[in-house]
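J.: Sequence:
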Amino acid sequence: MNLSVHSTRWAVFIISMLTALAGIVLIVLGIYTLNDTTTTLGSRTIPVMMLVLGCLVFLVSFLGCFGTISESHAILYAFMIGLLALVGIQLVIAVIALANKGAVDSLMDEAWQKAYDEHPRVLRDVQEEACICLLLTSLMT
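Residues in the sequence shown are numbered from 1 upward in steps of one, following the numbering used here.
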């Protein structure tokens, strides 16, 4: 077997494994957020989307891992189609977000103001943690 083919196979396998782990992390975070009773902000939409996205990423990444190990062309084609679908969905979301930038900005401002009116202490805590993280990041660089 050619060395470049062998190294490419391992690179695809490692990248697929890392993205599968990222999918698992999204699933765990989605479950944790759904079951978190300490926060009252927001709806269940974001945790459910995290679960769905985590499952999709894990499934596509698993196809990549299994396809590279088994050298199955059908599985690798399914992996490629899954990747193209995920990239296509990202592009559609990006275009919609850019086309409706003003509406998205005002919607986010309204949601932030509503959350601040209903739960000011929680948002102040989030802002303080964000400031601390930014400060620590700037000190580390």
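Errors might be hidden in some of the hints.
[Said to hold, decoys possible] Label-pair distances were calculated between CB atoms; the ranges are:
hint, residue 1, residue 2, range
1, F66, D125, 36 to 46 Å
2, K101, F66, 16 to 26 Å
3, L98, M17, 46 to 56 Å
4, L98, I14, 27 to 37 Å
5, I24, I93, 36 to 46 Å
6, L18, M49, 40 to 50 Å
Because the hints were derived from the structure by calculation, they are not lab data.
Glycine included, every Cβ here is placed at the ideal spot set by N, Cα and C.
J.: It remains to establish, for every hint, whether it holds in the given structure.
T.: Do the hints match the structure? See the list:
For the hinted restraint 36 to 46 Å between F66 and D125, the CB-CB distance of approximately 43 Å keeps it satisfied. For K101 and F66, the Cβ-Cβ distance of about 40 Å falls outside the hinted range of 16 to 26 Å, so the restraint is violated. At roughly 33 Å, the beta carbons of L98 and M17 sit outside the given window of 46 to 56 Å. At roughly 33 Å, the beta carbons of L98 and I14 sit within the given window of 27 to 37 Å.
Take I24 and I93: their Cβ atoms lie about 22 Å apart, and the range 36 to 46 Å is violated. For L18 and M49, the hinted distance range of 40 to 50 Å is not satisfied, since their beta carbons lie about 21 Å from each other.
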